[in-house]
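Undergrad: Here is what each chain is made of, one letter per residue.
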Amino acid sequence: MQDIPELVDHLFRREAGKMVSYLTRLFGLSRLSLAEDVVQDALCQALQSWSLHGLPDNPSAWLMRVARNRAIDLIRRDSQLGELAPELTGLLQIREKTLESQPDFEKVIQDDQLRLMFSCCHPDLSSEVQVTLILKTLCGFSVAEIANALLANVDSIEKRLGRARKLFRESGSLAEVTDAAAFSERLEAVYQAIYLLFNEGYHGSQSETTIREDLCYEALRLALLLCEHPQGARPRTFALVALFCFNAARLPGRVDAEGFLIQLESQDRSTWDQQLVGQGFAFLEKSAAGNELSEFHLEAVIACLHSSAETYANTDWNRILELYDLLYQFKPTPIVALNRAIAAGYSRGPDEGLRELESVPDLSKLKDYPFYPAAQGEFHRQAGRFAEARLCFQMALDLARNPAEAQFLQRKLATCESEC
Amino acid sequence: MSKFLYLFWNNEGLSKSTSPERMQELTKAWMSWMAELKQNDHVVQPGERLDGSGMMVRGKSKTVTDGPYAEAKDTIGGYLVIQATDLAQAVELAKGCPVLSGDGLVEVRPIIS
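Protein chains in written order, with my numbering: chain A, 42 to 461; chain B, 65 to 177.
The reader is advised that the hints may include incorrect statements.
As a list, the in silico SDA-like pairs of lysine to any residue whose alpha-carbon atoms are at most 25 angstroms apart [as the list claims (entries may be wrong)]:
| hint | chain 1 | residue 1 | chain 2 | residue 2 |
| --- | --- | --- | --- | --- |
| 1 | B | K80 | A | D50 |
| 2 | B | K159 | A | R106 |
| 3 | B | K80 | A | I150 |
Derived Cβ-Cβ restraints for the label pairs, each shown as a range [said to hold, decoys possible]:
| hint | chain 1 | residue 1 | chain 2 | residue 2 | range |
| --- | --- | --- | --- | --- | --- |
| 4 | A | G203 | B | T127 | 48 to 54 angstroms |
| 5 | B | T129 | A | A298 | 50 to 56 angstroms |
| 6 | B | R173 | A | P97 | 27 to 33 angstroms |
| 7 | B | S79 | A | R442 | 54 to 60 angstroms |
| 8 | A | G203 | B | T129 | 50 to 56 angstroms |
| 9 | A | Y410 | B | G160 | 48 to 54 angstroms |
| 10 | B | G166 | A | A424 | 54 to 60 angstroms |
| 11 | B | S79 | A | S307 | 41 to 47 angstroms |
By construction, these hints were calculated from the structure, which means they are not laboratory data.
Beta carbons: idealized from backbone N, C-alpha and C, even for Gly.
Go ahead and model the full structure; you've got the sequences and the hints to work with.
TA: Structure, rendered in structure tokens:
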């Protein structure tokens, strides 16, 4: 069989994000939908042309050229764009001439993507809307894919996007992020959005896992992009990248053939992505420059200890417990306290774990969280109290939020029963 | 060898909501189907894809109407001229066409030589 020129995985998605970023800078944030329409047209055209005639030499440049020409057509035809037309068309044509010859075009596009990422994290938008918008514009996800990945329905995703577009339309250029001061102001929100994006992919589970894993890889890609920004290239960002690398490394071992969650303890560690672990170490080292210590640093080291431990039992639980103590000072949330208690149990024995679980502050906030009673059940089981363990797992099972969790807890319950 | 015309009747119809990932998947499927046809020397003329828009000029009155048909899925999305030993082989080859995966249709017509 002769060589078929291969399409790079996710090329359309990636290029869509780049083109939307580029066109949004030219058109302005208030015409975000226009940029998205132009990009959709360019991708359709690629499908039509490439399917019969094969791949062009440089697919990315081809797409960008088609999108730009389409944009020029629209500007010429659309009377609403009339006032801007001469300026924009000029701009587009300058770009056209220099596009291929411009060696730093990749850099230009990178800056455009960063700019759009910061624009998406507008303070008037909730973090949920920010993440949705990032997925739609920068990551090239369709509404249906976002709904699927975020376990939301299509209508609510449309509503979120509508809210963002309305804000951008109404606030015009005021919403644009252009100067260094605005970048600094938004950096924290950008961190939170990327962090949320990763966690959406990593936690919560369902049989359809691929799309959720894509969220993790997108979050990693955006965090790496942030490292390319003068104000983004700092220890806290490097720590975030390290955290994503260590956690993403474990993705391949996290689900079984049927798509169900396997807990860390039972994962086949040989399936973990060692290249990502290596990358994690490199970024962890970079994050140690200077004297900044953030919650990302602590979480990265915890993830590092998990990803580099040979077995679950050999994991350095004492160190993890210390790190959770510190992390709790940065992030005094019930979930961090719960994880701290679990680490205490592994480090000092199941009864100590149970005591720590009972003294978790704000316990009422965890009353619907199935993994709290599940942790209690696990420690009772380890202590040989199977009847108590069974009660706890049953309680956890009653709180299960989706079929995957239910199935996971069902298995836990079954192991207890067989040991009775 | 005889020549045949493939007419691709539009399948799922691309829209604003078709995801880039799905478009890439379709592109990939088309490219590999075409490459296979080419490799076995079936492609006479690589054909073209047709835009969904257009006009119809009809009858003695030369009435002009918009678009080929009201429904996008009932339009011809492209064509291709191939060669095959007989109609049966041409039909067999058409079964690999990605238009079918979107529940579309390939019309196979012998070209009169």
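Undergrad: It remains to establish, for every hint, whether it holds in the given structure.
TA: Going down the list of hints, with the structure as the test:
Distance hint between K80 of chain B and D50 of chain A is fulfilled; the C-alpha atoms sit about 21 angstroms from each other, no more than 25 angstroms. A distance of roughly 34 angstroms separates the Cα atoms of K159 of chain B and R106 of chain A; the hinted pair therefore is violated under the 25 angstroms criterion. Of the supplied pair hints, the one linking K80 of chain B and I150 of chain A holds, its CA atoms being roughly 24 angstroms apart against a limit of 25 angstroms. A hinted range of 48 to 54 angstroms for the beta carbons of G203 of chain A and T127 of chain B is inconsistent with their spacing of about 41 angstroms.
As the Cβ distance of T129 of chain B to A298 of chain A is approximately 55 angstroms, the hint placing it in 50 to 56 angstroms holds. A C-beta distance of roughly 30 angstroms is found between R173 of chain B and P97 of chain A, which places it inside the suggested range of 27 to 33 angstroms. Between S79 of chain B and R442 of chain A the Cβ separation comes to about 33 angstroms, which falls outside the hinted range of 54 to 60 angstroms. In this structure the hint that G203 of chain A and T129 of chain B lie 50 to 56 angstroms apart at CB is violated, the actual value being about 35 angstroms.
Against the hinted window of 48 to 54 angstroms, the Cβ-Cβ separation of Y410 of chain A and G160 of chain B comes to about 51 angstroms, which satisfies the hint. Judged by the Cβ atoms, the range 54 to 60 angstroms given for G166 of chain B and A424 of chain A holds: they are separated by roughly 58 angstroms. In this structure the hint that S79 of chain B and S307 of chain A lie 41 to 47 angstroms apart at CB holds, the actual value being about 44 angstroms.
In this structure, the earlier hints numbered 2, 4, 7 and 8 are contradicted, and the remaining ones agree with it.
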